[in-house]
Amino acid sequence: MLTTADTSSPEPFTGAFGIIQSQPDERTSVVALEGELDLGRAPSLKWALVDSVDAGYKQLVVDLTRVRFMDSTALSVLVGVNRSLDVGARLAIVCVNTNVLKIFELSGMDGAFAIFPTLDEALAHVRGHTARIG
Amino acid sequence: MASHANRPARGARASRRVAVAIAAGCCVLGLGALPTAQAAKPANSTSSSAVSGEATVAPHGKHAERAVQAESVPAAPAIAPAPAPPPGEPPAAAHGRHGRAIQPAPGPPPGAGAGAGTGPGLGLRRLDREPPLARGHRHQEGAARGETSSAPGSQAAAVSAGESRQGAEALARKHKGKGKERGGGKEKGGKEKSKESVSPTPVLKIGKGKEASTVALSQETAGPSATAASLSSSAASPVAGTGPASITSVAPVAKAIAAAGVHTQRATRNARHRVAAHAPGSPTTVATAPVALLAPSSGSGAKASAPARAAVKHTQTSAAQPALVKTITRIVGVVPIPVRILIAALVALALALAARSRLSGVRARRLARQRGQLLEDVGLLQAALLPVPPARLGPVATSVAYRPADGPGAGGDFYDVFALDDGRLAVIVGDVSGHGREALPHTALVRFTVRAYLEAGLAPRNALQTAGSVLERQLAGSFATVVAAIYHPRERTLTYASAGHPPPVVLGDGDGADGSLEAIELTTACSAPPIGAGMRTGTRETVISVPGPARLCFHTDGVTEARIEGDLFGAERLVGALGDLGREATARALLDSVAERTDARPDDMAACLLRVENGAGSPAIVHELLELDRAAVASGRAERFLRESGMTAVAAAGVIDSARAELDLRDSALLELSLGDGPPHVELAHDNVIHAAALTAVGAR
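Chains as they are written, first to last, in the numbering used here: chain A, 20 to 153; chain B, 12 to 712.
Hint data in this document are derived by calculation from the structure and do not stem from the laboratory. Certain hints may be false.
[Said to hold, decoys possible] Below, a sample of chain A positions facing chain B; criterion: calculated Cβ distance under 8 Å:
{"id": "1", "residue": "58"}
{"id": "2", "residue": "59"}
{"id": "3", "residue": "90"}
{"id": "4", "residue": "91"}
{"id": "5", "residue": "121"}
For glycine and all other residues, C-beta sits at the position ideal for the given N, C-alpha and C.
With the rest of the complex left out, here is chain B (with noise of 0.2 Å):
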């Protein structure tokens, strides 16, 4: 009450401000701006009862004298020095109350003597400094002094309505305008009243002279909310009867509180926060300090109006601080220490929590980046090694795929396409042990080596043969499974040397209508180990007819290891899915396919596709170079060889016989099956096949 004699000088300025920290209250609050901000901007201009609301806030009993009398104070300056000593109350707890709460700036002096002295004397002071304004609004009676401290109450007013409910704004809206209307009139009554109800001190007598018609006003205004009114501000004051007018000031408040079904109580906290988040250095101040005091009076005493002035007097200093800041500096002065001190560490955790996250997340994209690169790399290394074959080499169609593993296999896997001459087309598909880095320079050296001698002129099997022996060294404990193959188009032939890889797959288009799939199959027995593993490879050559359309499908190991369902995908299955594709297979759609019908694809897979066309006739077998060892004749897989491709057990073993006879007298024995429309023939040859066939390929030369 005493602080708000000081401030109205401010008014405009203040006023802004004042708007812009209800908004912002009414946002914090989660409740529209808007219909606040409408409230209140009427109210300035016409809110006597917002006049009221300020200057009945206060007469709560004995409070109300104080408030009353700081309200007369500036309306009658003369008058003022008489002191209003609050019946019944300790002078020291209504100073200390009062006093504090209320006045803001200027701080009544602490020490101030007997407490009737200090209420009169604070009214005094803020007198000697009000300034002119506020002077001038004694005129217009209680009403007209809302011209600068009402706006501010019925801002207020309207700010705990706006608070306290939607329903709120419309009320306390109507309630002014029917204040205006009714200020003069009932003047009288009210004035007695607030007389009576109020102190029969003089001082306030006087004081209310011009405050009389504001506090009947009030009442009036207030009296069809009266009992909600009354139970909000006052359910636990003592002095239900006394303050018509504090009645009045909450009328809105508690108006809009009843309207909303809100506790009363609670109501009246708001408000005060409210009030106390306004006060500072603005006319709301002066018009809602005293709503301050309400709380303090209405509650039970010194105690709830503790913290009230704590806020206030907190606010105060922060005057010039956005409201939002206001308001978290409110909150914050609630929070216990112990449970600052847990918001504190809280954060801390959490800002450290951020810091290790965003760490992380720098450091993760780095190394995805480094992995990109370095896939990126390999991948530039591995495109040398799978070199893009024209898609058409003489008569046969050729494409050729790469899809890299799932997971980190990645790498080894070689082949290539190139023309030899004479019209023939020579095919290597290969797979280098282990992966990534280390396999690419293996995979380069495996594949050129096997190249040069293909380009040299040498069969396949006597490629490989070669290569193994010179490599042997160079792979440095790694192996090499890789398959050589010339495909001659005038003979129509295929001939291909395998080490330690499967074999191709070889696919008659058919001439049937049952579509039936006529895939070449051999023996598996006496198949030559890879390039690498310390044993001697091109010991295999297989030569295959192919009089009609056919594919042929060379692919890496990768592809018939795939998972479907748990198992291997197999030949049988590639051999299908070939077969699925039609004619015009290629080597992408085929390994799309196996993709498509595998689980899971745990190593590298590489295809190489040759279309054979035109012609007649299924592919088949037509004849098989073998060089045996002692090992093979005496573990048996080279009977079972003989047996596979057909041979009868008597004949099988009579050749054994034969190789057996032959290997006491060399390490070696080459053993040639001829597969024809008859039986299978047999011829055995005993020079050491290597370096005649690679003398007769240079010498051709």
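Okay, chain A solo, but in the shape it has when bound (with noise of 0.2 Å):
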């Protein structure tokens, strides 16, 4: 399922943090991140969203399962790459951490993004199967 492989940021100075790309399918771009999402970190996100979107993708998942926290600038990136969005495309985000659902909780963007439990439910969103809930 993984066609690219690319670790952006490895290892970073405080805590791991990775950024993971992968393309389930021709119009389908997952970026999967790993440990804090702050300040430091959000360029990064910023740059691989922003990539996909160059490239292409229409349907975009965004994964912080394994995101141990994220702090307001990380959460601009993805507020500013989804207002950006063409018309026809759809990003969703997978998120079960409740520090980081509180985040967006706090910041009223909750309401923003489709968020998702599950990778699946994701994607199942941005091909359009699924009715958006957020």
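Both chains are given apart, each in its own frame, so use the hints to dock them into the complex.
This is the structure:
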């Protein structure tokens, strides 16, 4: 399923952080993150997503399952990408971590994203198989 | 030896130079110059032994003749013509060695025929040129010669001694004294000895006539140290017994060496070098030249003498140069070519690196300066966005604080505290996405827009709602989180609304002695999104009653997102920090406390603290206004809000049903949750909150 694997930020200074990009199909790009998604790592996320959008992927999934915590900077990246999506493009987020969910909720952005507990649900959403829940 | 003859005339000046040269030489060698100087001084007046030193230096076998000869020439000019061919030594070699080494300025005729002739010839020449001074000395016998030339000689001895070891000076001095005393008495024996041992040549003998005493004297002087001297000077010399004179000459040096336990050969070499260094253009030359000769004679012959010669010659040309230069020149002369090239390359490399380092240093300083200026500019602009409010606004003590990020964060945070009519107090705290320069204009825009709506009389929620719709276009992609609040002192209520911003921490001072913290806890469900995020904001407003003393802390997410042991600082720790500060807490103290407790602060931190005083009772939520849309209801957020606000599942479900019905007719429904002593009470309204509220506010004015 993984066609490419890219670790753009391998083992940074404080805590592990990694980005793995994969393309399950020709229209879908999954960006899986791991570790602490903060000010320092937000740019990595941003470029990963921007690259996917530029490459023509219309169905984006950001997998935050293995993200320990996320700060407002990373959130702003997601907000920015979400807003810049073309018509017909979809972005889904996979997240079960309550800390991270709390960030979405506290900032009032939980309504702006389609957040799913599993990758399959997120994929189903971006492929249009399910109605957006957000 | 030849050279010495024509030098004495320069006595006074030269001897000064010598002293300097010696001192410098000693310094270079890392030895004390003082002892040397001391040794040299007494020698000037007395040192017959030193004199003998000069005369005797050469007398190693064949060379001895020359030395003696040369010495004697000045003393007895008449006799000089007699040539003294060194017995058994190839004339050419003799010439080459001695002539050059000893003869600095006038230089021996290069092609000067037979070696035998050369030596004497030189002597003659010297003689001819010899200044009256030298001649006068002749009356003084061996010891007398010292006055001009002996001084250098003694110096040379002193020099070599000084160079050898510290103990040398003392020895040398001793020697000099001894030598003088014995000078006259030992003449005869010494003469004979020298004759025999040195050479049978008439010239030599004659020359020695006056010299004899010197030789003998020196021999005597050297007597005690003869072993050491012979060890040093003639260790390599086949003619060990030949030169009592030679022995004497080296005596001080050798003695010193022996005393110091230095290897004799090395010492001899040193002496040679020293001599060579000091030789040029000074009386020292006279005295030391023979010493220089000593080396070759004591060494294995011509080979050994070569460096000495070269050194002498070289240094002679640079007589006027300071001692240090001479020393360096001499050292350089010894360094092999490849090493020189290597050194040159290294020096070039060092220079290149130095230049490069300097360049980058300059660049770094310039960049640092520019950075400082930029930060200063940013700081000035930010100061305009971070005003200093009065310490007290009505009944409320206020304080604000801002703390830049550790890293390159900086910028985006803003706050404002200002008075409204009716004694009310307004607070705005916010954070614009992005940092630095690009964030500043947006920061100003958001702050003054929200402030304007608050000053116009809009409730916090309505101010944010209106600002959100106005600023959506102007923020051009970036967004801002803002909390706007109004404290009403008469009603003792805090009304605030948030647009994606952390809610204020409301902490009652507490009546109980247990010191328990009574912070208001709100549900985070259905929080309003930031301004500029493309969504409708200003959808929620909270009213908190503050009947008693309390601390109301507004802050930016930089505070709660500071790192503590790899985790976020969080709201709970913030409450703890605020509680620990007590009733007199200030925003500055709070941020300092947070900074102290946390490991890293990647974002700016801003805080605004209101201290409400008097009264009694704990803060409590009294009202929540929530504007619902279909998505909020459909996603279950609305229901969670109700449940987390204390409603039962049944009651919440009932409210949701009503909201759905309302939303079937309109785009939004206003849910008003009243929390009091009894169960939460909910009312649904259906008017367009934004415009109605705004109009009401404007109309009310």
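Classify the hint on residue 59 (chain A) as holds or violated, based on whether any CB of chain B lies nearer than 8 Å to its CB.
-> holds (7 Å)
For the hint on residue 91 (chain A), does the least C-beta distance to chain B fall short of 8 Å?
-> Since chain B brings a Cβ to about 5 Å from residue 91 (chain A), closer than 8 Å, the hint holds.
Given hint residue 90 (chain A) near chain B, where the shortest CB pair must fall under 8 Å | holds (5 Å)
For the hint on residue 58 (chain A), does the least C-beta distance to chain B fall short of 8 Å?
-> At about 4 Å, which falls below the 8 Å cut-off, the nearest Cβ of chain B leaves the hint on residue 58 (chain A) intact, so it holds.
Proposed interface contact between residue 121 (chain A) and chain B, which counts if any beta carbon pair is under 8 Å | Given a least distance of 6 Å, the restraint on residue 121 (chain A) holds.
The structure agrees with every numbered hint stated previously.
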